[in-house]
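Chemist: Using the hints, position chain B against chain A.
Chain order of the listed sequences is A and B.
With my numbering applied, the first sequence corresponds to residues 1 to 339, in that order.
With my numbering applied, the second sequence corresponds to residues 340 to 678, in that order.
Read the hints as simulated data drawn from the structure, not as lab findings.
The reader is advised that the hints may include incorrect statements.
Said to hold, decoys possible - Some but not every residue of chain A turned toward chain B, in silico, with C-beta under 8 angstroms:
| # | residue |
| --- | --- |
| 1 | Q77 |
| 2 | L78 |
| 3 | A91 |
| 4 | E94 |
| 5 | S95 |
| 6 | R99 |
| 7 | E110 |
| 8 | E112 |
| 9 | I115 |
| 10 | P180 |
| 11 | G181 |
Built from N, CA and C at the ideal position, the CB exists for glycine as well.
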Amino acid sequence: MRKLPLTTSDLPRRSLLAAALATALVVPLTSPTEARAEPIQIAYLSPSFDISDAWERVYWSMRGRLDELGIEYEVQQLAVQDATDHAGQLAQVESVIQRGVDYVMLGATEYESAIPGLRQLKAAGIPAVVYNFLTPHEDESARGLQYIAFDHEEGGRLAGAWSAVKLNGGGKVAVLQGVPGVVSDQRMNGFLSVVEQFPGIEVVVGVHTDFDRVKAFEATQNLLTAHPDLDLIYGVSTGVGLGAGQAVRQAGLSEQIYTLGFGGTGDEVTAMREGWLSASPLRSIDDSGVAVADAFVAHMNGEEVAPVWSGPFVMVDAWSDADEIVAYSNRYSAPLMGR
Amino acid sequence: MAVVSEAQAPKSIGASDRRFRLEGLGLTLVLVVLILFFTWVNPRFGTLANLANVLTQTSTYVIVAMGMTFVIAKAGIDLSVGSMLALSTCVFFGLIEAGWPWPIALPLMFLLAMALGAFNGLIIAFLAIPALIATLGTMVAFRGIALLHSAGKLYYGLPPAIVWLGQGKVLGVPVPIIVAALFVAFSWWLFNKTTFGVHVRAVGGNREAARLAGINVARVEVLVYTLMGFAVALGGLLWIARIDGTQATLGTAMEIHVIAATIIGGTSLFGGRGTIYGTLLGAILLSMLNNALVIAGVEFFWQLVAIGCIVIAAVTINNIRENRIGWISRIRHRRAPAK
Chain A
1 MRKLPLTTSD
11 LPRRSLLAAA
21 LATALVVPLT
31 SPTEARAEPI
41 QIAYLSPSFD
51 ISDAWERVYW
61 SMRGRLDELG
71 IEYEVQQLAV
81 QDATDHAGQL
91 AQVESVIQRG
101 VDYVMLGATE
111 YESAIPGLRQ
121 LKAAGIPAVV
131 YNFLTPHEDE
141 SARGLQYIAF
151 DHEEGGRLAG
161 AWSAVKLNGG
171 GKVAVLQGVP
181 GVVSDQRMNG
191 FLSVVEQFPG
201 IEVVVGVHTD
211 FDRVKAFEAT
221 QNLLTAHPDL
231 DLIYGVSTGV
241 GLGAGQAVRQ
251 AGLSEQIYTL
261 GFGGTGDEVT
271 AMREGWLSAS
281 PLRSIDDSGV
291 AVADAFVAHM
301 NGEEVAPVWS
311 GPFVMVDAWS
321 DADEIVAYSN
331 RYSAPLMGR
Chain B
340 MAVVSEAQAP
350 KSIGASDRRF
360 RLEGLGLTLV
370 LVVLILFFTW
380 VNPRFGTLAN
390 LANVLTQTST
400 YVIVAMGMTF
410 VIAKAGIDLS
420 VGSMLALSTC
430 VFFGLIEAGW
440 PWPIALPLMF
450 LLAMALGAFN
460 GLIIAFLAIP
470 ALIATLGTMV
480 AFRGIALLHS
490 AGKLYYGLPP
500 AIVWLGQGKV
510 LGVPVPIIVA
520 ALFVAFSWWL
530 FNKTTFGVHV
540 RAVGGNREAA
550 RLAGINVARV
560 EVLVYTLMGF
570 AVALGGLLWI
580 ARIDGTQATL
590 GTAMEIHVIA
600 ATIIGGTSLF
610 GGRGTIYGTL
620 LGAILLSMLN
630 NALVIAGVEF
640 FWQLVAIGCI
650 VIAAVTINNI
660 RENRIGWISR
670 IRHRRAPAK
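Isolated chain A, as found in the complex (with noise of 0.2 angstroms):
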């Protein structure tokens, strides 16, 4: 079979010259990625539409940090129509190793379920940061690069410390639950190992709401309803905590009942300071959004990674000046988010 020259220098000369106004007619309108450049690209997987004011912080977090050090990096921003979107996200992550990204953040739908799509990126040798969940996989052809979350049953262990406190350890409390799974059951179970110490502390677990806020809405007018001696509600997240705290405002009861988020994000800080919400335990956000980014550039440089990062809580209500923490928690996310 006659090879295909390979060489400018093999072909002739009119032959070179068809080329080369071939390539003038061409070159415009060639694909993007044959003209890309050096910089990294990442792919961003958020497990749901509802990209709430955490998941928007993390990625904007990462970013200002990443020009913080001067990395040239494009990024692109995914997600799936909820977090039980599994099958959704695993299509997400095939695709973006057909795209050939270099790095991936992969806010999991769930810990068990994002095994398939995390094997096969182990396999095309893209390294991801698995966000949400603090334990390596078992499985070492499915571990991320790193595991970064704030650490679930610690934010909901201070959640009910706080309650059980305000309730003088006597009292009747609900809690709001997020999806089925890993996140939902652990900020709810540290709540549970707290409060059930108390004797005098009645627990009603409410429904599932998706991390939904209107869902949370609807599912906390309908607790009030059932059960209208209620003296506080948890909800396992912002948008949880941000609907329970709008249904009890609406009935006219934020003096009687106290209620909850969780992660102290700007919305809930909002509400606090409007008096619809009571508390929250806050996490320094933007510093998780430095740790993906500071994973990436260390395995870059072929620095080691720590398999986990974890951050700390602090918890913050109603009743506490809480505007220098969260300046300091989105330090790197406000400038960029104006917010």
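Modeler: Chain B in isolation, oriented as in the chain A frame:
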């Protein structure tokens, strides 16, 4: 099941692939143009590996959409497919966890899904409940039973033989593609070559005329929904084998994707007319867009806009190509030279 030739079938009782030989050609052209376009944007899209990815990702949707083609061609609808999938796969996993051997648990899963489908058919046929309302009710009820059964648990860890169905390959071809192709061939035969297929279209085209022609309408109704159940079980099996897990919230909003694929493919929402080939293309188109836009590096929210616009454009082009738009058809007719 008796096999009849199309020539034997009454011409007035619905249309199939064979009667509309060129149906789907417009959609085929759209698909080919889009494949060429996205390959130009990023050559990685057009690789065999990625095209296999797209077909693997769409395999479950293709299978469930086959069942939906029968349902819609019969002038029905099934909103409960996602819930049915969640319930049957959760029960299957539950049996496996309880120590049942998979060769026994698997047929039970299929029987359960077919029974759920038959239940839909029975209440539609014998209680005269409109299909939209009946399956809306069962959509909620089946999901509730799935949640009751699994208590929000994420099941994980199937036997390797089952995982192979979702992640294995035969001669380099992913198993889900092979299974989907076989089911498409079976559906084509059933829809176009059997008395059952003719009856489905007849009932969809004119229920009363079909009854007067001696067709047991209620029997067709129940059989179509039972077939839908089988398709859900088969599609669900591939899905859970791909992600090696399931939970009660799996398949949320799946019905939208499946109905869209069927309608894009040219099956009439009013019944009496449908094409297996068109549904196949519709399902591939939807999955392909999700994959292609990621690989093209399109920002996530623009992806949603682009998918909506491309789907509308694809169906419009197909309708123009197949002369389905009345006013364009009249203009063409006027301009056509008189013979």
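Chemist: Could you tell me which of the hints above the structure violates, numbers in ascending order?
Modeler: Violated hints: none; all satisfied.
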